[in-house]
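Assemble chains B, C and D onto chain A, guided by the hints.
There are 4 protein chains.
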Amino acid sequence: MAMTGVLRPGHAQIRVLDLEESVAWYTNVMGLVPMGRDVQGRAYFKTRQERDHHSIILRQADRAGMDFFGFKVLDNATLNHLEKKLVAHGVRTERIPAGDLLETGERVRFNLPTGHAIELYAEKKDVGNGMGYVNPDVDVLEGKGIAPTRMDHCLIYGPDIDANRELFEKVLDFTLVERVKLEDGTTDLATWLTCSAKAHDIAMVRHNEPDKMHHVSFRLDTWEQVLRAADIMSKNRTSIDFGPTRHGITQGTTIYFFDPSGNRLETFCGGYDHYPDMHPITWTWDEVGAGIYYHARKLNDTFLTVVT
Amino acid sequence: MAMTGVLRPGHAQIRVLDLEESVAWYTNVMGLVPMGRDVQGRAYFKTRQERDHHSIILRQADRAGMDFFGFKVLDNATLNHLEKKLVAHGVRTERIPAGDLLETGERVRFNLPTGHAIELYAEKKDVGNGMGYVNPDVDVLEGKGIAPTRMDHCLIYGPDIDANRELFEKVLDFTLVERVKLEDGTTDLATWLTCSAKAHDIAMVRHNEPDKMHHVSFRLDTWEQVLRAADIMSKNRTSIDFGPTRHGITQGTTIYFFDPSGNRLETFCGGYDHYPDMHPITWTWDEVGAGIYYHARKLNDTFLTVVT
Amino acid sequence: MAMTGVLRPGHAQIRVLDLEESVAWYTNVMGLVPMGRDVQGRAYFKTRQERDHHSIILRQADRAGMDFFGFKVLDNATLNHLEKKLVAHGVRTERIPAGDLLETGERVRFNLPTGHAIELYAEKKDVGNGMGYVNPDVDVLEGKGIAPTRMDHCLIYGPDIDANRELFEKVLDFTLVERVKLEDGTTDLATWLTCSAKAHDIAMVRHNEPDKMHHVSFRLDTWEQVLRAADIMSKNRTSIDFGPTRHGITQGTTIYFFDPSGNRLETFCGGYDHYPDMHPITWTWDEVGAGIYYHARKLNDTFLTVVT
Amino acid sequence: MAMTGVLRPGHAQIRVLDLEESVAWYTNVMGLVPMGRDVQGRAYFKTRQERDHHSIILRQADRAGMDFFGFKVLDNATLNHLEKKLVAHGVRTERIPAGDLLETGERVRFNLPTGHAIELYAEKKDVGNGMGYVNPDVDVLEGKGIAPTRMDHCLIYGPDIDANRELFEKVLDFTLVERVKLEDGTTDLATWLTCSAKAHDIAMVRHNEPDKMHHVSFRLDTWEQVLRAADIMSKNRTSIDFGPTRHGITQGTTIYFFDPSGNRLETFCGGYDHYPDMHPITWTWDEVGAGIYYHARKLNDTFLTVVT
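Taken in order, these protein sequences are the chains called A, B, C and D.
Number 85 in our numbering belongs to position 85 of the first sequence; there are no gaps in the numbering.
Number 206 in our numbering belongs to position 206 of the second sequence; there are no gaps in the numbering.
Number 146 in our numbering belongs to position 146 of the third sequence; there are no gaps in the numbering.
Number 32 in our numbering belongs to position 32 of the fourth sequence; there are no gaps in the numbering.
Okay, chain A solo, but in the shape it has when bound (with noise of 0.2 Å):
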């Protein structure tokens, strides 16, 4: 293939302190598709357009967060080899069993220098996305919440935000799309990498704690689609960040949300397509305001604080 190697984004388990309110809110205010619990009470979700079992798990705690965030990979043997190079390139991995995910195989799981822990797995149960594989329907927005088309991409804040491209670029074979300089004109203050033409698959910022999430972010196909989100989480009185509103970076449209537990998520609609061959773009410590929120050309108070 073309495409080999770490296909996608392919779930993010969040912690939420609720879990009843929270399904609720995912269901409905979200819009996505609740597809079961496991036997530790987990709640499994995916968009009405994805055709794997699930993108979000949700799990009880008493802090809000993100436990772990896979990614897809072509085949059991790319999991194998990608395991591999991640044992010579130093990192510990482990392997969580096949069914301890809901449809899921088996999953290579390792913690990033940031204090992230990633998965990789090569298998979760096609359950389709409703319209078959013979002579489908469009599949019309018809329902409730913002149904997203699919869960797109983190990012994510911690130290060592450089370690982490290391690992991204020679291990996982990510490509660098984007970058933001700090003052010194040298430093990442954050990057943006692809695993496949898209112009980010995962994201970084240089943030003093490790393990931090800033937010999970869902793809909408259309800026309308961003105006009814943007409607819908009014009329839910769903605490927006900030947003409908561009980022400089990737060219994006977005608004920035809050989950009943805290957790920042995202609605993402556009974005240039990014190939390997392509140059990075580089954004200075004094156009960061721009490189985020390309309209205000200003950071928000939240922006570089506010994680989960």
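These aren't lab readings, by the way, just hints derived from the structure by calculation.
Treat the hints with care, as some may be off.
Just so you know, same-sequence chains aren't split out, so a pair can sit in one copy or run between any two.
With a cut-off of at most 16 Å between alpha-carbon atoms, the simulated EDC-like pairs for lysine to aspartate or glutamate come out as follows [what the hints assert, rightly or not]: (1) 298 <-> 286; (2) 235 <-> 301; (3) 85 <-> 221; (4) 235 <-> 100; (5) 85 <-> 173; (6) 235 <-> 94; (7) 181 <-> 162; (8) 298 <-> 241; (9) 181 <-> 139; (10) 170 <-> 83; (11) 235 <-> 137.
Only chains B, C and D this time, still in chain A's reference frame:
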């Protein structure tokens, strides 16, 4: 890289009957950026957002059609590797020297079983999209013409599309995304293939004549730009073949229309992501109408008959 | 008021061949809100956003078509005044008692020179749009079906459209917005008239049979909702006559389609503002195709022939 | 006519601190069409789609703000009639001779109780929108700048908005569409009024200083053009006050931004139809934030304080 091998469609050389008229039309109606002419008199164009030097080459000729369609590959090692695979597959390849196309490296050319000339190349000058690589602004649509985002794919017509598919899958690592079956339920009338995570990078329809072009497609980012494109076509008395409408296949929105020489072009927007782990979609003969034109649910006269 | 006299299209009574099938279709595919039935068995509907009790009445009959089309006027004084003007113009009027249509006051009914029954009325119960009149939320599109904003206008076919126009202009104070001329350059093939600042509140085409309905139109707010409407039609195997496309006349975007009884309906979006000080627009016979279908620039077979 | 009396907002004269800089900005960033200058040096503009000679007049001055706001009325009889009604209401009127504003007939000027100068006029030269009145093409957006459809309304600040409302309702036949109440639950903080079927043609906020302008608003047809407008503002380093977002009041989408002299302008899109038979909407003090900015649900610092 997780994106390796063949990256994307890179250029199409199109034959036109009146070069100056066509240059004016591709500039003012299509809204492409003229990128100069070579010693053979061929005229080069790129979209505003493309970063490589060109994606469309016009050559004056006494009949319309497409001379060749080129794909960019990751690097020269990939180019050499894919040439070896082609030869091992029994395909005769030819090297076109660097510089034959402006600002373009050496190309490997070969003919598909359907008779079409395909090229692979690793190098084309990065001239940028005018926004630069440091603190870029958004490139607002303020100019003349349709101004698509990128040259996106082509649809070719020819006899042995099974052998074509085998070559694209086995040698060039493309993936089957969708297919239409003939009345017998087994033979493919048409196939859609991708080398990335797009719904298609090339497609082909079974047809008795070899080396025919159905259309070269340009991407638009929004359905509103599709409407604007149709308005521009009407205002300029460009002949519209069909649309605006939606394809059932790929679920993208579309307009088919003709350049002044009768070459069919398309504006294409949307289309779902397809990764190589995903199940292909099959259309049966009785639903081919809905597959091609989702709203009308039947083919128009020209779809299977008018090619150049 | 600066808006006085006839305010807007208020209701259309449509004949359907199978009432229950039609009630299901107008509810689930059109996305109208069922508003009850009367003692005659007629079924009432409104759009979600309309505040008055109903805008569509379905009556079971053995042939399709429109029984009457009603306009709401400012108040009862206006109703009496306009009836006097009608009588002075030589028009025979009839009073339909309050309550004949559910939640509707007394109606003044008369026949146009083209044979169509038109009604004026001043009172219909304000049932609201579900958002209330204090701190209303936005009514997000989360339900089933096309869900238009309002019943917008109708296009009628009949012989003496000149006399129609005279009545609408002189008695009901409508304004001519656009017209299409026949080949002779003087006779009107069709006229578009407004009683407000919309591009049209009623339109009429010259036709040999009296009392024919071409379509009743429903407004959509965006071109993206036009696409969604076409998708819903295809998914429900609703027969689409033409579109999505744009009209040259009014410049609105459109889909023509048929209800289960063969009545043509339209989704209409956009259209410019027209105030009574503005110059009307004229289309010549050779450009009528572009006037009706701006992108195709020619009429389809059904436009001048299929009416109910 | 069913549309009579005051038809629509017709022009606003805005004071700018540097005329040449402002002419360049209103031309290139706003995308208005320059329509010449008069002997006083005032610069005239219209939108591409407006047919009357101009809607914006810029006057060089040493402080920003709005000199006057004009409404077009149906005809000279209406102008005379409304002047009599004004005088009968105790308002002192003044006649400005024809030609004082380029291509404009005689104007009746008077001051509102809030101190603002308002004008009525019946005649302004129809220069057309460039598409002609026979077989017009669609005016595709191909030029520079935001290119709004029309000058839409203004929001003024001053002390006695109750007396303003009485004058607009009783003398000029405007209709109340929405209102915001102060904490006492009875006093209006703000009112939105229409002379047509739009959600507002003028609005006013209670404020201790007389004769203040909050913003002059320009209409855009689509939410995608709102995004394009915000992109153009950012690219040109135009200061954005708030948005893109949606108003709860009128439900239109909006960007507030400043011209080079600090005059706040708005791009406004959408907004529901309001006819004079419809119930006005009331916002309570505790929900004024959601009324102004539906997504953020709270006012920003500048909304009640920054005026010119």
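How the hints compare with the structure:
1. Taking identical chains as interchangeable, the C-alpha atoms of residue 298 and residue 286 lie at most 16 Å apart only when both belong to the same chain, with a minimum of 10 Å there against 29 Å between chains.
2. Taking the shortest Cα distances, residue 235 and residue 301 never come within 16 Å of each other, neither inside one copy (24 Å) nor across copies (23 Å).
3. In this assembly of identical chains, the alpha carbons of residue 85 and residue 221 never lie at most 16 Å apart, being 35 Å within a copy and 38 Å across copies at closest.
4. In this assembly of identical chains, the alpha carbons of residue 235 and residue 100 never lie at most 16 Å apart, being 37 Å within a copy and 38 Å across copies at closest.
5. In this homomeric assembly, residue 85 and residue 173 come within 16 Å of each other (Cα to Cα) only inside a single copy, at 11 Å, whereas the closest approach across copies is 23 Å.
6. With identical chains, the CA atoms of residue 235 and residue 94 are never at most 16 Å apart, being 43 Å at best within one copy and 47 Å at best between copies.
7. Proximity of residue 181 and residue 162 under a CA criterion of 16 Å is satisfied intra-copy only: 12 Å inside one chain copy versus 51 Å between copies.
8. Taking identical chains as interchangeable, the C-alpha atoms of residue 298 and residue 241 lie at most 16 Å apart whether they share a chain (14 Å) or sit on different chains (12 Å).
9. In this assembly of identical chains, the alpha carbons of residue 181 and residue 139 never lie at most 16 Å apart, being 42 Å within a copy and 23 Å across copies at closest.
10. For the identical chains of this complex, residue 170 and residue 83 are intra-copy neighbours only, at 13 Å inside a copy versus 26 Å across copies, given an alpha-carbon limit of 16 Å.
11. With identical chains, the CA atoms of residue 235 and residue 137 are at most 16 Å apart between copies only, with a shortest distance of 6 Å across copies and 30 Å within one.
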